[in-house]
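Asks: Protein sequences appear in the order of chains A and B. Quick note on the numbering used here: the first sequence kicks off at 1 and runs consecutively. Quick note on the numbering used here: the second sequence kicks off at 268 and runs consecutively.
These are calculated hints, taken from the structure and not from any lab test. We treat Cβ as the ideally placed atom computed from N, Cα and C, and that holds for glycine. Hints may be right or wrong, so weigh each one.
Said to hold, decoys possible - If you want the ones that stay clear, here's a sample from chain B, every Cβ over 10 Å from chain A, calculated:
(1) 310
(2) 311
(3) 322
(4) 344
(5) 394
(6) 421
Claimed, not checked - Here are the simulated distance ranges between beta carbons:
(7) A:68 x B:377: 55 to 65 Å
(8) B:328 x A:92: 30 to 40 Å
(9) B:360 x A:263: 35 to 45 Å
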Amino acid sequence: MNVIELSVWQLSIAAALLIALAVTLWLTHLGVSRSLLIAALRTVVQLTLIGLVLEALFTMGALLWVALLALAMLLIAGREVQARQQRPLSGAWGIGIGTVSMFVSAFSVTVLMLAVIIGPEPWYRPQYAIPLLGMFLGNTMTSVTLSLDRLTEAAWRQRAVIEARLMLGQRAQQALSDVRRSAVRSGFIPVINAMAAAGVVSLPGMMTGQILAGSPPSLAVKYQILIMFGITLGSGFGTLVAVLLASHRLFDGRQRLRVDRLRPARH
Amino acid sequence: MLQLIQLSLPRLAPLELTVAPGQVLGLSGPSGSGKTRLLRALADLDPHGGEICLDNTPQTAFPAHDWRRQVMLVPAESQWWSDSVAEHFPERRVVDWQALGFDRDPSDWTIDRLSTGEKQRLSLLRAMAYQPRVVLLDEPTANLDERSRAMVETWLLAAIRSHHKMAIWVSHDDRQLRRVADQCLSLGPASVSA
C-alpha cells in the first residue's frame, strides 16, 4: 500500500484556514496572532529545509554527517531551552545545563535504542537515527524547559522562604527541597500524561504515521511503546540532571542563595 | 564570644566589636544604614570582608549550615512554608509557649490563621527552639502590642542571660535598646560611630 500523494494546493487549504484563525484573533484584539503566524511560517520553512537535508543525508548515510546534524539539533534545542524560560540562569551555565542534560539523556537513549534494541544496519542508519533522536530530543527539551523554568521561577518567588530556612540552619538543598520537587514534577507531567492518554485520548503521531504509511497496526504499536518509553527515559533523566545541576548552581560554596545568577525576567 | 574583626560591607566603615556571653549588643540607625545587611553578613547570607569568630573559631571553619544554626538570624518578617506550626519546629523540643502568651499549645494550628503578631512571637520561639549560641534579632517586637512587647523582652533577656547566649538586637526604639542592651552601636548613613 502506498501513501496518498499530497500536493501544495491541498496544503494551502489548511494554511488558508490558519490565516483565517490569525485574522480572527487580530480582529478581536486577543493577541498571539503575530506569534501564531511566525510559528506557522517557521514550521513550513524548517520542515521544508529538514526534508531537503534528510533526502541528502539518506543518500550519503555517513556517520560524520549524521553526527553533525545531531549536534546541530542539540545546540538548537539548548538555545530554545534557554529562550523559553522566564528567568534562566545567566551566562554559559544557563545554556550549558540545558544542553548537557539533554545530551546525557536524549543522546544516550537514542544510541541505546539504535545499537541495542532496534539494531539497524549500520546502527547509525539515518532513516532510524534522525527521527528517533528528533522525537527524544524534542520531548526532552519540553520537559527540561518546564522543569528549569519552574525551578528558577519558584526559587526567585520563594527566595524569602528559602533564605528563612537557611537561617534556621537547613542545608541548601533541604531549603530548596519543595521547589526542587515541584520542578521535577513539572518535567514529568508531559510524559506521564502522554503515556496515560496514549491510545485512549490520543493516537501518537509516530504510530499514526506508520499506519498511514502501511505498517500493520500491531507493529506500529510495538514501535510506539518503545518510543514512548524512550521519550520517558530521555525526558525523565534529562529533567533529573537539569534540576540537579541548576539547583546546585542556585547556591554558592557558603550555601547562600544566589538569585543574582538568574537573568531578570523579560516583560 | 562573638568577635567581628575588620568586618567590611559595601558602603559601611569596617567594624570591630565583641559580644560576650550573656550580653546584648543594641544596634540602631536610620533605614538603609546597613543594620539588616550587617545581620545577614553575620549569618553568612551575604558575602563580606574581614572575619567573624565564634569562640575564636572563624566563620569559614564551620560548614555554612552549622554556622547559621549557631548564629541564628531572626528576620523582621517571618516566613512559614508548611501547613502547621509544628512542622516548622525541631522535633522533640519542649517549647515554653506560655512565656510568649500562648495559653494553648499552638502546634496544630494552621499557618493561615496566624495573626502578624502571633507569627512574630512564634518565629522567636522557633529560633530559640534550635538553641543557637548567638541570636541576631531584627526588630523582634515591631508588630507587637505593648503587653506582648514586654513579654518578649523579658523572655528573650532571660533566655540570653541564663544560657549565656549572645544577641545583637536591632531596634528603632532607643528606649527599648536602653532597657535590653549592654552596649549600643549606631550605624550612620556612611560612617560608624560606636
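Asks: Decide, hint by hint, whether the structure agrees.
Replies: Hints and how they fare:
For residue 310 of chain B, the non-interface assignment is contradicted: its Cβ lies about 6 Å from the closest Cβ of chain A, within the 10 Å cut-off. With a least beta-carbon separation of about 6 Å from chain A, residue 311 of chain B fails to lie farther than 10 Å from that chain, contradicting its non-interface assignment. For residue 322 of chain B, the requirement that its beta carbon stay farther than 10 Å from each beta carbon of chain A is met, with the minimum near 17 Å. Distance check on residue 344 of chain B: its Cβ comes as close as 7 Å (rounded) to a Cβ of chain A, failing to clear the 10 Å threshold; non-interface status is violated.
Not every beta carbon of chain A lies more than 10 Å from that of residue 394 of chain B, the smallest distance being close to 7 Å; the non-interface claim is violated. Every CB of chain A is more than 10 Å from the CB of residue 421 of chain B (nearest about 24 Å), matching its label as outside the interface. For the hinted restraint 55 to 65 Å between residue 68 of chain A and residue 377 of chain B, the CB-CB distance of approximately 58 Å keeps it satisfied. Checked against the hint of 30 to 40 Å, the C-beta distance between residue 328 of chain B and residue 92 of chain A comes to roughly 32 Å, which is consistent with it.
At about 41 Å, the beta-carbon gap between residue 360 of chain B and residue 263 of chain A stays in the expected band of 35 to 45 Å.
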